[in-house]
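Asks: Generate coordinates for the entire structure from the input sequences, incorporating the hints supplied.
Protein chains: 2
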Amino acid sequence: MAEISREVTGRIVLQQCLYAKLQVKPPDQDSEAEWVEVNKGMVIYVCFFKGAESSVIPKMVSSLLSVKLSESDNGKRVSILDLPGDVLIVPQATLGGRAKGRCMQYHSNADKVLAMELYSSLIAQCEKELQAHSKWAESGAVLKYGTYGNRQVLKLDTNGPYTHLLEF
Amino acid sequence: MAEISREVTGRIVLQQCLYAKLQVKPPDQDSEAEWVEVNKGMVIYVCFFKGAESSVIPKMVSSLLSVKLSESDNGKRVSILDLPGDVLIVPQATLGGRAKGRCMQYHSNADKVLAMELYSSLIAQCEKELQAHSKWAESGAVLKYGTYGNRQVLKLDTNGPYTHLLEF
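Protein sequence lines correspond, in order, to chains A and B. Under this note's numbering, the very last position in the first sequence is 295; numbers go up by exactly one each time. Under this note's numbering, the very last position in the second sequence is 295; numbers go up by exactly one each time.
Calculated from the structure, these hints are not laboratory results. Hints may be right or wrong, so weigh each one.
No copy labels: a pair is met if it fits in one copy or bridges any two.
Claimed, not checked - Okay, derived cross-link-like pairs now, PhoX-like style, lysine-lysine, Cα gap no bigger than 25 Å in a straight line:
| no. | residue 1 | residue 2 |
| --- | --- | --- |
| 1 | K227 | K186 |
| 2 | K195 | K239 |
| 3 | K227 | K262 |
| 4 | K152 | K203 |
| 5 | K255 | K148 |
| 6 | K239 | K203 |
| 7 | K262 | K186 |
| 8 | K195 | K227 |
| 9 | K203 | K227 |
| 10 | K186 | K282 |
| 11 | K152 | K282 |
| 12 | K239 | K152 |
| 13 | K177 | K195 |
| 14 | K282 | K148 |
| 15 | K239 | K262 |
Computed from a predicted model, the values in this text were never measured in an experiment.
Replies: Put into C-alpha cells, the structure is as follows:
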C-alpha cells in the first residue's frame, strides 16, 4: 500500500514521447490553428493547487530535468538532460480534480492568476536550466509549451508512455 | 492546497481521446505487431499497489464508468456510459513510482501476480458493467485493453486530453 500523507501544491503527470504536437492557438476566421511540435522526449502535464508558492518551481524543475524518467536508445533510464530530449509542457488544470459523487470538482486548484504566474515561471526556469546544461543545449533539443487557458489539443506518439506521477 | 492523507491501493490516470492505438503483441520473426484501436472515448492507465484487494475493483469500475469524465459533442460533461464512448485500458506500473534522489523506485507496487489478477478482474468487471448498460451496449462502442507485461506502445489523438487522476 502506498501511504500518502502530506499537502500537495503541485501535481505533474509525465509521459515519454517519440513525437507530440500541441495546439497553441485555435483556428479563427482569419487564420489556421497554430501548433508546436516535439520529437523524442517527454510531455509534462502540470497543475497547481491553492497555496502553491514560487518556491515550488525550483523543486519541480530539478525533479523534471534530473530524475531518470526517460529511456535511452539502449533501454537505460536517464534524465531528460542526459537523453538529451525534447520537453513539452502542457497546463492541465483537470489534474487537480477530485470526484464528488458523479462530478469532478476543482475546489483545490489554484486560481487562474496564480496558476498562470507559476506556469510561466516553470517554463522560464526549465528553459534556463536546460540551456545551462551544455549537453542538452548543444543537442538541438527543444522546449515547447502550451498556452495557458487554451484547449490543449494534443497528438501523441509513444514507444511506451511510461506514465509517472510527481507531486510537490 | 490539496491535503492528501490516506492509503492508496490503486492509481488511475485518465485521458480523453478521439482515437488511440495500442500495441498488444510486439512483432517477432514470424508475425507483425498486433494492435487494438479505439475511437472517441477514454484511455485508462492503471497501477495497483501492495495490499490492494479485489474489493477495490467494483469501486474503480463504478468511478470510471459513472463519473462525468468525458465531454459530449456539445461540450457537456458526461460519463463514458452516457457519452457513450470507447474505453482503452492500459496497464501502467510506472504510475506507482516514487522519486528517490535521481531514480524512480517502485517498492509500493503490487507484485506481478497480484497486479495481473486485479488487472484481469478490472477488465472483466468493466466489460460486464458496460454491456449491462443498454445505451452503451447498443451504441457500437468498444472496450479494448493492453496485454499485461508488454511494452505499451501507444498512439493517442485528442481534442484536449483532460487528464484526471483517481486514487482508490
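Asks: A separate judgement is required for each hint: does it hold in the structure or not?
Replies: Going down the list of hints, with the structure as the test:
no. : hint        : verdict
1   : K227 / K186 : between (31 Å within a copy, 13 Å between copies)
2   : K195 / K239 : between (31 Å within a copy, 23 Å between copies)
3   : K227 / K262 : between (46 Å within a copy, 24 Å between copies)
4   : K152 / K203 : between (36 Å within a copy, 22 Å between copies)
5   : K255 / K148 : within (23 Å within a copy, 36 Å between copies)
6   : K239 / K203 : between (39 Å within a copy, 22 Å between copies)
7   : K262 / K186 : within (21 Å within a copy, 47 Å between copies)
8   : K195 / K227 : between (35 Å within a copy, 10 Å between copies)
9   : K203 / K227 : between (41 Å within a copy, 17 Å between copies)
10  : K186 / K282 : neither (28 Å within a copy, 31 Å between copies)
11  : K152 / K282 : both (15 Å within a copy, 23 Å between copies)
12  : K239 / K152 : within (19 Å within a copy, 43 Å between copies)
13  : K177 / K195 : between (29 Å within a copy, 23 Å between copies)
14  : K282 / K148 : both (5 Å within a copy, 12 Å between copies)
15  : K239 / K262 : neither (35 Å within a copy, 37 Å between copies)
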